[in-house]
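Novice: For reference, the chains in residue letters:
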Amino acid sequence: MGSISKIHDMLVTKQVSCAELTKSYLDEIEKSNGELNAYVNVTPDAALKTAGAVDKKLASGEEIGMLEGVPMTLKDNISTKGIETTCCSKILTGYKPIYDATVWELLQKENAVMLGKTNMDEFAMGSSCETSYFGGAANPFNTNHVAGGSSGGVSSAVGGNIAAYGLGSDTGGSIRQPASFCGVVGLKPTYGAVSRYGLIAYASSLDQIGPITKSVEDASIVFDAISKQDRRDSTSKGGSPTFDKLDNDIKGMKIGIAREYLDGVRDDVKEAVLEAAKVYESLGAEIVYFDLPILKFALPVYYIIACAEASSNLGRYDGIRYGYKTEHYNGTHDMICRTRSEGFGEEVKRRILLGTYVLSAGYYDAYYKKAQNLRGTIISAFNKAFESCDVILAPTVPMTAFEKGNAISDPIETYLTDICTVPVNIAGLPGVSIPCGFNAKGMPIGMQLIGKSFGEAEILNAAYKYQQAAPDKFIDTKWGVKL
Amino acid sequence: MVTREDVENIALLSKLFVPEEELDELTKSMQDIVDFADAINNAPASDEGFDNINNLSNVFREDEVVESFPSTEILKNAPEQAEDHFLVRNRE
Numbered sequence: 001m002g003s004i005s006k007i008h009d010m011l012v013t014k015q016v017s018c019a020e021l022t023k024s025y026l027d028e029i030e031k032s033n034g035e036l037n038a039y040v041n042v043t044p045d046a047a048l049k050t051a052g053a054v055d056k057k058l059a060s061g062e063e064i065g066m067l068e069g070v071p072m073t074l075k076d077n078i079s080t081k082g083i084e085t086t087c088c089s090k091i092l093t094g095y096k097p098i099y100d101a102t103v104w105e106l107l108q109k110e111n112a113v114m115l116g117k118t119n120m121d122e123f124a125m126g127s128s129c130e131t132s133y134f135g136g137a138a139n140p141f142n143t144n145h146v147a148g149g150s151s152g153g154v155s156s157a158v159g160g161n162i163a164a165y166g167l168g169s170d171t172g173g174s175i176r177q178p179a180s181f182c183g184v185v186g187l188k189p190t191y192g193a194v195s196r197y198g199l200i201a202y203a204s205s206l207d208q209i210g211p212i213t214k215s216v217e218d219a220s221i222v223f224d225a226i227s228k229q230d231r232r233d234s235t236s237k238g239g240s241p242t243f244d245k246l247d248n249d250i251k252g253m254k255i256g257i258a259r260e261y262l263d264g265v266r267d268d269v270k271e272a273v274l275e276a277a278k279v280y281e282s283l284g285a286e287i288v289y290f291d292l293p294i295l296k297f298a299l300p301v302y303y304i305i306a307c308a309e310a311s312s313n314l315g316r317y318d319g320i321r322y323g324y325k326t327e328h329y330n331g332t333h334d335m336i337c338r339t340r341s342e343g344f345g346e347e348v349k350r351r352i353l354l355g356t357y358v359l360s361a362g363y364y365d366a367y368y369k370k371a372q373n374l375r376g377t378i379i380s381a382f383n384k385a386f387e388s389c390d391v392i393l394a395p396t397v398p399m400t401a402f403e404k405g406n407a408i409s410d411p412i413e414t415y416l417t418d419i420c421t422v423p424v425n426i427a428g429l430p431g432v433s434i435p436c437g438f439n440a441k442g443m444p445i446g447m448q449l450i451g452k453s454f455g456e457a458e459i460l461n462a463a464y465k466y467q468q469a470a471p472d473k474f475i476d477t478k479w480g481v482k483l
Numbered sequence: 001m002v003t004r005e006d007v008e009n010i011a012l013l014s015k016l017f018v019p020e021e022e023l024d025e026l027t028k029s030m031q032d033i034v035d036f037a038d039a040i041n042n043a044p045a046s047d048e049g050f051d052n053i054n055n056l057s058n059v060f061r062e063d064e065v066v067e068s069f070p071s072t073e074i075l076k077n078a079p080e081q082a083e084d085h086f087l088v089r090n091r092e
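Chains as they are written, first to last, in this note's numbering: chain A, 1 to 483; chain B, 1 to 92.
In case anyone wonders, no lab produced these hints; they're calculated from the structure. Predicted, not measured: the structure shown is a model, and the values here were computed from it. Honestly, I wouldn't trust all of these hints.
[As the list claims (entries may be wrong)] In silico BS3-like cross-links for lysine-lysine, where the CA-CA straight-line distance does not exceed 30 angstroms:
hint, chain 1, residue 1, chain 2, residue 2
1, A, 81, B, 28
2, A, 270, B, 15
3, A, 384, A, 31
4, A, 478, A, 31
5, A, 254, A, 56
6, A, 369, A, 109
7, B, 28, A, 96
8, A, 384, B, 15
9, A, 369, A, 31
10, A, 482, A, 56
11, B, 28, A, 404
12, A, 296, A, 245
13, B, 28, A, 90
14, B, 76, A, 296
15, A, 96, A, 270
16, A, 96, B, 15
17, B, 28, A, 109
18, A, 296, A, 228
19, B, 28, B, 15
20, B, 28, A, 369
21, A, 49, B, 28
22, B, 15, A, 369
[To be verified] Derived, one-sided and incomplete: chain B residues facing chain A with beta-carbon distance under 7 angstroms:
hint, residue
23, 10
24, 37
25, 69
26, 77
27, 82
[As the list claims (entries may be wrong)] Covered, in the sense of this in silico footprint (three residues per stretch, anywhere, with C-beta under 8 angstroms from a C-beta of chain A), are these stretches of chain B:
hint, stretch
28, 27-35
29, 70-76
C-beta: ideal position from N, C-alpha, C; glycine also.
Generate coordinates for the entire structure from the input sequences, incorporating the hints supplied.
Specialist: The following block contains the structure:
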């Protein structure tokens, strides 16, 4: 049983009140957040207020929904009305949105108990959470290792049992990669399945909000709750329900493995993924190998498109309307340049510069236009692949969580960690990362299941079946609230 | 080839200051990233084109007048304001 349904049962059968439960999570945050640095802002008052409302409903015998009263967290780039939302950047310190993101509006209607906002790479640009203005989040399996990024705080909190679940955002792997590093489940929905309204933009054609949870059924419950069409996001279409299809038989399901996804992947990761393929075979699925040579261009295509969009999206931070403003300046241009130079971190500046470069006259055709064309080619290649298989199985990251401090030194080396996750964003497809083993040092290994457009039900079904067959891969850490 | 002048020019377009002493280092770092991005020029030529993902099309709605945010709320986040407006900068 997943954490969400377990908590739901505990609340409904009155084993614990929502206020007690919320307090035990807040106590655990107090105890372990110093080491995990998962939360950048804890909101006990708001959490206890919602918990009180849930308890009142329970006391009056009213029925409660599956997510009601379940303590959770949001990545700090998801707008929360009246609650500081910083993207873990100096430039947004003090910024309190005046509206809620649609996903948070939907969850508030379900009386979700938000414990606080969680850590991330600055503006979601990074793969280790270490570009955060507040310092990186630690891995609950070994705090000398990174939690991954950019949704490192959510993954650390969920893996460390100081949130039952959380919402992250995934532009090039930012949900799946940290989920893989922290031994939890992370779903990046199809582009358009979940509204982006209120998600502070990094790269708008790639960004998507999704759940980070401890189990596949939890991911399914949260996805079903947030995947609604929203008129405030013109790219939102909504998703199809997944929960009632989780337990479908996967006999005869064709699971594809693209050989390119296994290139350059560490042996322990590759072994774990191929081991999982055997589990699928034992469940009656058919493993199909194929080639996807275009994948080797996915990473540069991703960085060109993401940085181009970021350079435009981040143009809005000018020190005038919100956030940080420099103190001493000489004229408007000087004020804006100083504000931005002092307010943005190194990696953000690097990506703005690269984005501006690929969009500038003389380079636009060679980089941006070419990357957009290749994006079309990559989409076609996936469409073709799905003619011969139902879902694609791949590693989530070529390695397990690395030690702190190793990511910062070489940007390109760090970009390479995204090699297995970015193709999904480029093609707008859904992908879920689930745990599939541990390496010799006890660090979790993740694998991802990639689906057809709006095929969340299929990949979660396949993921759930694996979880049932290999429950020992999904385990608790020493941290946090024990249910 | 990324030159120091390129970086200075891009920084100006990006409204970012690069301190003189960091220019060489940044130029090198930019060159490395541009080399990495250059890999796409080895890709097979494609005229595939790209409009949008998942064939999403525009969603149109009636142009209705709805209430917006009060300016007092919006101004609360402004680092500086004057007379119910954003203050860009003080007069010298």
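Novice: What are the numbers of the hints the structure violates, in ascending order?
Specialist: Of the numbered hints, 1, 2, 3, 5, 6, 7, 8, 9, 12, 14, 15, 17, 18, 21 and 27 do not hold.
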